[in-house]
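Asks: Below are the chains, spelled out letter by letter.
Protein chains: 4
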Amino acid sequence: MSISKDKITGWKQKVHEIIYEADTPAGKLFDVLLLIMIILSIIFVMLESVKGFEEKTYDYLYVAEWIITIFFTLEYFARIVSINRPSKYIFSFYGIIDLLSTLPLYLSFFMTGTAALLTVRALRLLRVFRVLKVTRYVGESNKLAKAIKDSKAKILVFLFAVLIVCIMMGTLMYIVEGEESGFKNIPVSVYWCIVTLTTVGFGDIAPVTPFGQFLAAVIMILGYGIIAVPTGIVSAEYAAATNKNIVHVNTQSCWNCNAKKHQDMAKHCYNCGESLRNG
Amino acid sequence: MSISKDKITGWKQKVHEIIYEADTPAGKLFDVLLLIMIILSIIFVMLESVKGFEEKTYDYLYVAEWIITIFFTLEYFARIVSINRPSKYIFSFYGIIDLLSTLPLYLSFFMTGTAALLTVRALRLLRVFRVLKVTRYVGESNKLAKAIKDSKAKILVFLFAVLIVCIMMGTLMYIVEGEESGFKNIPVSVYWCIVTLTTVGFGDIAPVTPFGQFLAAVIMILGYGIIAVPTGIVSAEYAAATNKNIVHVNTQSCWNCNAKKHQDMAKHCYNCGESLRNG
Amino acid sequence: MSISKDKITGWKQKVHEIIYEADTPAGKLFDVLLLIMIILSIIFVMLESVKGFEEKTYDYLYVAEWIITIFFTLEYFARIVSINRPSKYIFSFYGIIDLLSTLPLYLSFFMTGTAALLTVRALRLLRVFRVLKVTRYVGESNKLAKAIKDSKAKILVFLFAVLIVCIMMGTLMYIVEGEESGFKNIPVSVYWCIVTLTTVGFGDIAPVTPFGQFLAAVIMILGYGIIAVPTGIVSAEYAAATNKNIVHVNTQSCWNCNAKKHQDMAKHCYNCGESLRNG
Amino acid sequence: MSISKDKITGWKQKVHEIIYEADTPAGKLFDVLLLIMIILSIIFVMLESVKGFEEKTYDYLYVAEWIITIFFTLEYFARIVSINRPSKYIFSFYGIIDLLSTLPLYLSFFMTGTAALLTVRALRLLRVFRVLKVTRYVGESNKLAKAIKDSKAKILVFLFAVLIVCIMMGTLMYIVEGEESGFKNIPVSVYWCIVTLTTVGFGDIAPVTPFGQFLAAVIMILGYGIIAVPTGIVSAEYAAATNKNIVHVNTQSCWNCNAKKHQDMAKHCYNCGESLRNG
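Chains as they are written, first to last, in this note's numbering: chain A, 76 to 354; chain B, 76 to 354; chain C, 76 to 354; chain D, 76 to 354.
By construction, these hints were calculated from the structure, which means they are not laboratory data. Possibly wrong hints are sitting among the right ones.
No copy is singled out in the list; a pair is fine if it fits within one copy or between any two copies.
List time: in silico DSS-like cross-link candidates among lysine-lysine, alpha-carbon distance up to 25 Å [unchecked claim]:
no., residue 1, residue 2
1, Lys89, Lys103
2, Lys103, Lys163
3, Lys163, Lys89
4, Lys87, Lys163
5, Lys87, Lys103
Please read these numbers as outputs of a predicted model, since none were measured by experiment.
Please put together the full structure from these sequences, using the hints given.
Replies: This is the structure we're talking about:
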């Protein structure tokens, strides 16, 4: 009996190794295949929304979509089965994404239009970093994430200020421009103000009165100037994060004169000349 | 008599605590309610400008607007009454905003169109930082404000240079493009030049002659290049502000003269010359 | 005779003081009046190009323009007369600008359309920094100018690379999109490519074929990514310039142990404890 | 015989000197002429695509194009002949570009439309740095290239994240906006999303429903905020590269072990412990 249980465990371990890890050839092959299928499936969902192909093409896409979805469903259950504590996977970030990647097609039986939601699968592409096994990439990603996290509070304060400016300038533009030139109500004016301040500038709405154009110029120059703020924050934050790693890597202190901040390749204290290694 | 006066003072203190502070549960509740009402009122003012709702909706919005305004008016007087020196509140930044947040609706009896000015209430949202009681946020906000203030002179010089460029390039475009392609006079050309230099690019006016397009390309590349200037300024300024905090990590203080902020490698007090190590 | 010569010299000195300097009350008043006239004249030139005013307004503007131009002409000659070596003024940056600020109106007798060139007067506004007597501003301006000058070589290399990319991507778009969708020849395609890469995006020309839109997306992401390059250069350059000024301000070295880089407020050597002042 | 061989070698060396190098007057002249011809030929190719000239002009352009191409072909063969190991040139970066710069015109006999590909010649302009003989420029270019190379991994991670965001937001916009307002299928919506996130904003497609405009505002603010990320990365990376050069300004080398790059405050060699001052 214990052998049988061991067998099952062995089978589960094998599946776990293939699905969850990417160190063995089989595990790597599985992950690469998975990524190809994810990319294919995103392309298929996109193409399905394009009008103008032959009727047959949609049939092929529909079948391909179902094959991939069934594969993803099987993979999802395999992941649940092969892990010791399934709840840990199910409620993890990837677990939820994997579920959301299969549900929409099943839901499309009951509700039309949900199939397009399958592009949530794009999030599964984040697995690519795991497959590449390039810790460097993940490391960079983590460092980036850290820099962004450190800047979060500041950037929120900044965005909050931008929003207040947009609400007030939007209202002003609504009053100044009137409704003929596209500023038909305050929400639309605020929307236009965000479009302008962020230097996107669609041009579907544009001021026509001289004073409106003057105000628009002020908003633009404001937007041009304040884009420096988030950039400056992230620059400084990122530089600080990088400096921390670069500068104080050597924590040695001389046993003779206690001088610190030795260069990495130092053998002797730069202050008193004592040997650092035999210290 | 003195007891009665004490009572009033006590009552005033209680109101002051609720309205001005956010440390007690009552004070916090008041501030949160206030913020909700500010947000609601901004949404109401915005919706009121949207055409196409039923007649009834506008009636509801009108009533809601009045209820909130009366509440704000009462709050304004409560703030004046509960403070010892009312003038200090009335002429403060928040005092003026609070007044401007109630006036427009009263003015709308005499002048039409002023109701939209109620969105000045958006400025009241700045109180959110006080409610959050997250000194961290305020601290960040102050640091940001400091960095921007330090960069102000430089950014003014920069914007001044940008304006001179825009006036001259705008005139050139007016001469080159002529009036058929939207560059109908110099102010409009200057406006277009600002739109282009800031990389907004509405497209309501666009050059059509080859030489005009060449000039436009020059302006765009200029704008693309000089956006680096304010960004660089704020980055450096912000990094400097951050570094200042980093550099003086040495928390030693001289046991003799109590001087602080010693350099990391200091052996002697820079102020009195006492040895720091054997102190 | 020598007295008469002294008189003339004295008269010349007086005029020189008023026109060229801004330290005496008369000199400051003159400069402020000059700035006001420059600003007024720019506004007048701009307004003159606007259609739709009454006939009379143009007459007034015409007269005002002539009065200011005559004043500027007189000022120009006064500057030449009151300086010892007139050639030094005439061929200086401001001398040439001052000449160009008066010529166009005189030329408008012979050639139409030259009057608009009067906006070159905007360059005269650079005098504002002298009037403000805020060395701080000029200092900032110089520091900025230095940072930009230091970055010049790098930014030229960068812009050169951008231009090569634009020429090749523009040609590609011309081949891909064909002539129906606005990409009517290669120069226009290159122009569009610059518009897109700099994130201006007028929208007067936009790709319509799927492959053209794909290429456009590549160009945009490229432009979004490489805007980081000039910004990064100026940031680093500016930070380096700022650091140099901040850190090594104190050039003292201890007479006892020769330690350098003392803090500004240091009285004693941080290394050996010797007094720095009495050294 | 050996003399004859020497002659040939001498002749080859002479050609090599002229074509490959730019130190001798002849070599410099050749390179400058080459650059002028490259620029002219790019201008000719561009002009050829412009409609509306006289018939004769196209004939002239055609002839000029052929003359330049034949010259480039001769130059290409001269380069192959005058080098000892031709394969080293043929498969080098410049060798391939030089070939691609002549082929399209010959191919235009067989395929129409290939002549426009001649603008690949723009890449030949990179030779300008060699002609300028300004090592400074090349140095800057290398430094830039290094900074970009160091940032590559991070920027790839960033662009990957941007792409995933664009795919998902594009799908959402497709669902929200429907097909009337230009979001006719998912690929186009994703394209629009890239246009918006990178703050280009053509305006050929723009949201019209309130919720679509709200989503667009979110995308824009996102794009406005995250442009800080690549900028911050390059800034920090570039600053780090610059700092590396700055930090090791100390040009001392130990008289005992010849170790270089001592810290500014070092008294003893970090490598062998010898005193640096009394060395």
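Asks: Next, verify each hint and record whether it holds.
Replies: Here is how each hint holds up against the structure:
1. Taking the closest pair of Cα atoms, Lys89 and Lys103 come within 25 Å of each other only inside a single copy of the chain (13 Å); across copies the shortest separation is 56 Å, beyond that limit.
2. Taking identical chains as interchangeable, the C-alpha atoms of Lys103 and Lys163 lie at most 25 Å apart only when both belong to the same chain, with a minimum of 23 Å there against 38 Å between chains.
3. With identical chains, the CA atoms of Lys163 and Lys89 are at most 25 Å apart within one copy only, with a shortest distance of 19 Å there and 50 Å across copies.
4. For the homomeric pair Lys87 and Lys163, the shortest alpha-carbon distance inside one copy (16 Å) is at most 25 Å, but the shortest distance between copies (55 Å) is not.
5. For the identical chains of this complex, Lys87 and Lys103 are intra-copy neighbours only, at 17 Å inside a copy versus 54 Å across copies, given an alpha-carbon limit of 25 Å.
In this structure, every one of the numbered hints holds.
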